[in-house]
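From just these sequences and the hints, can you work out the full model?
Protein sequences appear in the order of chains G and S. The opening position of the first sequence corresponds to residue 1349 in the numbering used here, with each subsequent residue numbered one higher. The opening position of the second sequence corresponds to residue 14 in the numbering used here, with each subsequent residue numbered one higher.
These aren't lab readings, by the way, just hints derived from the structure by calculation. On a predicted model such as this, the values are computed, not experimentally measured, just so you know. A portion of the hints provided could be inaccurate.
[Said to hold, decoys possible] Covered stretches of chain G, going by a simulated chain S footprint (3 or more residues, C-beta under 8 Å):
1. 1389-1395
2. 1404-1414
3. 1548-1561
4. 1568-1575
5. 1581-1592
6. 1681-1694
7. 1730-1742
Beta carbons are placed, not taken as given, at the ideal position from N, Cα and C, and that holds for glycine.
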Amino acid sequence: MNRRNFVRTLGMSAAITACFASSFAFAQAKTVKVGIMHSLSGTMAISETVLKDVALMAIDEINAKGGVMGAKIEPVVVDPASNWPLFAEKARQLLTQDKVAVTFGCWTSVSRKSVLPVFEELNGLLFYPVQYEGEELSKNVFYTGAAPNQQAIPAVEYLMSKDGGGAKRFVLLGTDYVYPRTTNKILRAFLKSKGVADKDIDEKYTPFGHADYQTIVADIKKFSAGGKTAVISTINGDSNVPFYKELGNQGLKATDVPVVAFSVGEEELRGVDTKPLVGHLAAWNYFMSVKNPSNDAFKAKWAAYAKAKKLPGADKPLTNDPMEATYIGIYMWKQAVEKAKTFDVDKVITAVGGQTFTAPSGFPVKMDEKNHHLHKPVLIGEVKADGQFNVVWKTKGPIKAQPWSPFIAGNDKKKDQPDGKTKI
Amino acid sequence: MKGPGFIRPREAEGAVQAALSSRQKVKMRIVSILLLLMIALLARPAAAFDANAVSALVFGDGEEQVAAIAALVADGDARAAKVLEALAQGELKSSGKRILIVRGGTATDALSGEVLPAVPADSEEIIANNRLRRELAGGIAALKLVSPDRNTRLAAAKELSGGADAAMLPLVTKALDREGDPAIKAMLEMIVAAMEIKSSDRELRFAAIRRLASSGSRETKTLLLGVLEKKDGAWVETDADLRAEAEKSLRAVEGKLVWGERVGLAFAGISLGSILLLAALGLAITYGLMGVINMAHGELIMIGAYTTYFVQNLFKLHAPGAFDWYLLCAVPPAFIVAACVGMLLERGVIRFLYGRPLETLLATWGISLVLIQAVRTVFGAQNVQVENPAWMSGGVEILSNVVLPYSRIVIVAFVAVVLVCMWLLLTHTRLGLFVRGVTQNRAMASCVGVPTGRVDTMAFGLGCGIAGLAGCALSQIGNVGPDLGQSYIVDSFMVVVLGGVGQLAGTVYAALGLGFANKLLESWSGAVLAKIVVLAFIIIFIQKRPQGLFALKGRSVET
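Next comes the structure, spelled out in structure tokens:
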């Protein structure tokens, strides 16, 4: 390389650097892509559509305040249509074509299991906002929903307590896939540890989209003759509507046989006549009816956003737990990026641990330093006639998640942090 | 004011028993009434209404609240009943130390009865949880047992049959003594027996257990099972005779419950069968009679459901008063819209594909996707809400453990009506004659002057219209979304093929048979396995008997 060439190269590279530098200076021009992957059609659309909307709301909010590290967030919304293999395809598309910095998405565990290998292979970052069965800990995933010990187990303890009705027999009713199966496995072990015999536990599953709950409700009635019974429902998606309709029509009241649901929130009850359901329970980490300033602000923001975007149901804006978890997730990612001062996935992952955020639930929630789960409060609510929930029980403060439930054999040896091995 | 009302019958009585001076008797009565009134007035501030219990009800914890309810019920005071009802209705609020009943925007102090000028801003609702609500319902019912209105008493007795608190025994026995109506009396006797089963008197317990044998409710079974409970291998109840008696009663109760279960199962089978039939009836015409493999059949059901949704919204917007009748008004539009779409399809696409089943299948499959996407674009991808009219929610209780939901009864009746109409149309009208003629021998029908093309369109429209009716009915029990049709298309084809192509009667038998089989299997093996078993059965059946249950006999039909 002669001198002239060297000078020319130097000049060019200087010019290019200047170009880059100027683009850094004009922060407006810089954007960062963020994936949003929720089913907007199919059986899960009833639950997932609002998560897409709340994610877009949070992104708008962050962009209005100057974005993340000066970069505007550009959301990339994909619709995997409640089709589990399609989730994996869409995830691959987000990571390889759109090159998103982070993805917020999935509801059902089967969809999460479907995308997990993709995120691990391509070293992506996923924030998963829904309560789930645990038994998973991936370096590439942050779980902002509840683990079983933050939802299912406290709910069952409540049902067994005097205030909860002192249930002696349990019907474990769920949709047939990984979340209900694993949760019920944990619950069965937990109930056994509390002295409930096998004959007092009835486990039942229905396919996705099941619409005829006549026999199941009749069976619950029959089972309840044997002693004080409670139903623990892990039914997911739009099957809940026919199930609750059938309960109401067959006159099974909450005072006789309470149903506690882990996937039914304010949004799912929208399409149901809630008067016959008064008193049935749900366990979450957040309810719309919680009274505190940060929730008031969250609700007001959502109502304004739904109205401005003319979302379906904007006349009656509802918030729920997975929406809160999505919102928390987006802000935790933003804070972590700002702490790490880069969008680099590995550095952001290290920075997310230990982040705190004043959640709409009214508690300061914290991302555990090691196990990729939030410390969250547990609330149990009863359905009111207007489709909202009365909080009848709550923990004193946030509790730490146990992704590896102690009620499953062999879990005591597992480490409470990602071990770098793939989980599939 | 009450005087004369009391005196008149007494005077009549006096006339009969002339021995006593009636006037003297009347005087004594008046005096005693006055005395009672005075006592009541004097005693009022001291007894009857326990303010402490009310404040325990509002501010106490779970245990205290339950005790307070029992205390207020034992009081039997009218104001106590008001407080309890207010709590049950969510109208009881606290404002600082004050306890208010807020109803329709006016606040009344629960203790003093004073009406406040405005509802205080800091008032907070007192929340009743399930346990409290159960106690409240029982307590309020116990207070209502002495109501003069028969229906109120009946409802109260029904409520208490669900398990009454032992503390209410005196109230219930008192009500039992005064009860004149035999039906309510029988219920009260059961309630008393259910409470006396835990009494300390052995004879009383025996009598109670024996009496409970005539009951047929789930709660009784629970009670009797309680007597027969074992703990750590030893009987909780030590009296063997009592256990034997309980065993006997338990068998009697279970015998009755089993009947209830059978009736429930049979109805579930009929209901599922009727839904399958409704979904398949349209297909029985388009596929069964005309031989068109219409994969878009499910989407026509979906169009019917969306039409119902649309009509519902029109009613909500323009005639909220007549909302309960929207469903009846939605039936004709559902038929017409689906039929029009069907006829368009036939004229535009299917007409050109007669006799080419594979192409028809592909073309209609494509059309089904187009229709789904069109609906998604117009109405959104999410499910839409179709509300049941008030007369379709709830159910009728035919046995103590069987409630038949009105929505399902209505659908069974609706299917029967549609079936009869279709049968009449096919067998007693000119169009029906043409349809049968064309499907049996197209060339001959054409020769004798039947406009086969138009008949095809009409018949296809009819089948699609019936699919629309199915959508209208299905919107009442399931979810309405763009994918609605997908879940019915397989079932519909299953029914038609199983019943025998070209046979209406076969379709009916197949639908009901599948409904029963599905429900029976479901109660044995669970919903997931039941579906697998039914599908496996159909595969085997079709292999052994490809023509279905009822084969078309005769020389007809092109191959």
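Status of each hint after checking the structure:
Only residues whose beta carbon comes within less than 8 Å of a beta carbon in chain S count, and the segment 1389-1395 of chain G has 5; three or more means the coverage holds. Coverage of the segment 1404-1414 of chain G by chain S is violated. Counting CB-CB distances below 8 Å, 0 residues qualify, and the rule asks for three or more. A stretch counts as covered by a chain when three or more of its residues have a beta carbon under 8 Å from one of that chain; for the segment 1548-1561 of chain G and chain S the count is 8, and the coverage holds. Coverage of the segment 1568-1575 of chain G by chain S holds in this model, with 6 residues showing a Cβ closer than 8 Å to a Cβ of that chain against a need of three.
Given as covered by chain S, the segment 1581-1592 of chain G passes the check, having 3 residues with a CB less than 8 Å from a CB of that chain where 3 are the minimum. Counting residues of the segment 1681-1694 of chain G whose CB lies closer than 8 Å to any CB of chain S gives 0, so the stated coverage by that chain is violated, three being the minimum. Beta-carbon proximity to chain S at under 8 Å applies to 5 residues in the segment 1730-1742 of chain G; the threshold of 3 is reached and the given coverage holds.
Checked against the numbered hints listed earlier, the structure breaks hints 2, 6; every other hint is satisfied.
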